[in-house]
Amino acid sequence: MNFSATFSLQKNDLLVTISFFLIVVLATIASRQLRLTSENALLFEDTTYLKVDQRTNLEGLIESLDSLNVDYDQQELRWASRILGWRTFQRGNYEINGYYSYEVFLSKLSRGIQDPVPVVILPGITKERFALSVSNQVSINEEDMLDIFQDSLFLDELGLTTEELFGRMLPETYRIYWTSTPKELVRRVLREFESTVIDVYSDSTDALGYSIQDVLTMASIVEWEANLEEEKAVISGLYWNRLNQRMRLQADPTVNFAIGERRRLLFEDYEFEHPFNTYLNRGLPPGPVTNPSLSTIKATLFPEEHNYIYMVANPEGGHIFTETFEEHQVESAKWRRWLREQYRIKRARDAENSSSER
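Residues 279 to 636 (the working numbering) make up the sequence shown, in order.
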């Protein structure tokens, strides 16, 4: 084979190689362009909650995705971010599920279009427990949440005291943005209280002859007193009877609130000087002792009609209701005997366990 033929063959091989390389490059570009515009570029088979703790770049986003064990192509995501120009991503909680194009996925996080998270507020809790619970559900510092109930400017703006504001923290499941501030969260709950309680039951409070604040304060006492749902209306009726007969409420929950602890009360606790102690002060306390549920508020608005003015706990977790002090004394004696028996059984069990450990 002469030189000319050899050169021609090498030239053809080179052209084939170059052509093949160009085809591969063009195919890769075409494939990536197709992926760039594809609605199915990313698949999240299960609902994924992506939390971005602070404004971050692409590498921070990749780190967050990797922590969730999401299956995706890192290099392709980097390429798409560079081409599309979405390179900075906002703090927030993002609910991701199903198929996404790179444009939709990256722009959602870059624009901070986050999704609300469920925030559960439980009934009959303290401000401290409320603050802790909220801090575990959204990005709010526990101390900042607690401080909002002592913010004098905020309270003046709302026209409420600390207790009145907390009493309006209506137990419910709310959809709230993860990045909400304490004020935003409180305002969201207040709007729910306004629409669910005030707008619906204003006429009922008027008919009862008390303000919505009075009803809320009474409901908070019932919330702590009633262990059984079916007893709420009975207990509210009992307390309204006491109030209407100008008796002291003598409600144990108000003493628990005064001493700052929910526990079995001692004789000296009832003598504790405090504006909320209804054993010493007549009428309703100055505000709610906790945040009552909607069912408790309804039971307080629509009490059961009866003549009960006394009650004492029973072993089943409920109460025995009576109309006279003599009946109350009899039932109280039964309860004390039952308690003494429980203490005796406990002491015997503890002694038995102690001797078996020796």
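Honestly, the hints are just simulated from the structure, not real lab data.
These numbers were taken from a predicted model, which means no experiment stands behind them.
All residues carry an ideal CB built from backbone N, CA and C; glycine is no exception.
Treat the hints with caution; some may be incorrect.
To be verified - DMTMM-like mimics (lysine to aspartate or glutamate), calculated; alpha carbons at most 25 Å apart, straight line:
(1) 461 / 420
(2) 612 / 547
(3) 405 / 341
(4) 405 / 470
(5) 405 / 481
(6) 461 / 450
(7) 576 / 434
(8) 576 / 630
(9) 405 / 583
(10) 461 / 434
(11) 461 / 481
(12) 624 / 583
(13) 612 / 546
(14) 405 / 381
(15) 329 / 422
(16) 576 / 530
(17) 405 / 435
(18) 624 / 594
(19) 576 / 601
(20) 329 / 341
(21) 386 / 435
(22) 405 / 551
(23) 329 / 381
(24) 405 / 462
(25) 329 / 420
(26) 576 / 492
(27) 386 / 492
As the list claims (entries may be wrong) - Quick list of simulated restraints, FRET-style, between CB atoms:
(28) 327 / 623: 47 to 57 Å
(29) 354 / 425: 37 to 47 Å
(30) 314 / 437: 21 to 31 Å
(31) 414 / 352: 45 to 55 Å
Evaluation of the provided hints:
1. The hinted pair formed by residue 461 and residue 420 meets the criterion: a straight-line CA distance of about 13 Å does not exceed 25 Å.
2. Distance restraint check for residue 612 and residue 547: the Cα-Cα separation of roughly 22 Å lies within the 25 Å cut-off, and the hinted pair is therefore satisfied.
3. Using a Cα cut-off of 25 Å, the hinted pair residue 405 and residue 341 is violated, with the two alpha carbons roughly 36 Å apart.
4. Distance hint between residue 405 and residue 470 is fulfilled; the C-alpha atoms sit about 18 Å from each other, no more than 25 Å.
5. Of the pairs offered as hints, the one joining residue 405 and residue 481 is violated, with about 30 Å between alpha carbons and a cut-off of 25 Å exceeded.
6. Between the alpha carbons of residue 461 and residue 450 the distance comes to roughly 18 Å, so the proposed pair stays at or under 25 Å and holds.
7. Straight-line distance between C-alpha atoms of residue 576 and residue 434 comes to about 28 Å, which puts the hinted pair past the 25 Å bound.
8. Simply put, residue 576 and residue 630 have alpha-carbon atoms about 48 Å apart, too far for the 25 Å limit, and the pair is violated.
9. With a CA separation close to 33 Å, the supplied pair residue 405 and residue 583 exceeds the 25 Å bound.
10. In summary, the hint linking residue 461 to residue 434 is supported, as the alpha carbons are separated by about 13 Å, within the 25 Å threshold.
11. A hinted pair counts as satisfied when its Cα atoms are at most 25 Å apart, and residue 461 with residue 481 does not qualify at roughly 29 Å.
12. For the suggested pair residue 624 and residue 583, the alpha carbons sit about 40 Å apart, so the restraint of at most 25 Å is broken.
13. Only pairs whose Cα atoms come within 25 Å are accepted, and residue 612 paired with residue 546 is accepted, the gap being roughly 22 Å.
14. Simply put, residue 405 and residue 381 have alpha-carbon atoms about 43 Å apart, too far for the 25 Å limit, and the pair is violated.
15. A distance of roughly 20 Å separates the Cα atoms of residue 329 and residue 422; the hinted pair therefore holds under the 25 Å criterion.
16. Distance check on the hinted pair: residue 576 and residue 530 sit about 21 Å apart at the alpha-carbon level, within 25 Å; holds.
17. Proximity of residue 405 to residue 435 is assessed by CA-CA distance (about 20 Å); at most 25 Å being required, the pair is judged to hold.
18. Straight-line distance between C-alpha atoms of residue 624 and residue 594 comes to about 18 Å, which keeps the hinted pair within the 25 Å bound.
19. With a C-alpha separation of about 24 Å, the suggested pairing of residue 576 with residue 601 holds against the 25 Å cut-off.
20. Between residue 329 and residue 341 the CA atoms are separated by roughly 11 Å; this keeps the pair inside 25 Å, and the hint holds.
21. Of the supplied pair hints, the one linking residue 386 and residue 435 is violated, its CA atoms being roughly 35 Å apart against a limit of 25 Å.
22. The straight-line distance between the Cα atoms of residue 405 and residue 551 is roughly 22 Å, inside the 25 Å bound, and the hint therefore holds.
23. Proximity of residue 329 to residue 381 is assessed by CA-CA distance (about 19 Å); at most 25 Å being required, the pair is judged to hold.
24. Of the pairs offered as hints, the one joining residue 405 and residue 462 holds, with about 17 Å between alpha carbons and a cut-off of 25 Å not exceeded.
25. Between residue 329 and residue 420, the direct Cα distance comes to roughly 19 Å. Compliance with the 25 Å bound is thereby established for this hinted pair.
26. Of the supplied pair hints, the one linking residue 576 and residue 492 holds, its CA atoms being roughly 13 Å apart against a limit of 25 Å.
27. Between residue 386 and residue 492 the alpha-carbon distance is near 46 Å, which puts this suggested pair outside the 25 Å criterion.
28. For the hinted restraint 47 to 57 Å between residue 327 and residue 623, the CB-CB distance of approximately 48 Å keeps it satisfied.
29. The hint said 37 to 47 Å for the Cβ distance between residue 354 and residue 425, and at roughly 46 Å that hint holds.
30. Taking the beta carbon of each, residue 314 and residue 437 are about 55 Å apart, not inside 21 to 31 Å as hinted.
31. With their beta carbons about 32 Å apart, residue 414 and residue 352 fall outside the hinted range of 45 to 55 Å.
Hint violations for this structure: numbers 3, 5, 7, 8, 9, 11, 12, 14, 21, 27, 30 and 31, all remaining hints satisfied.
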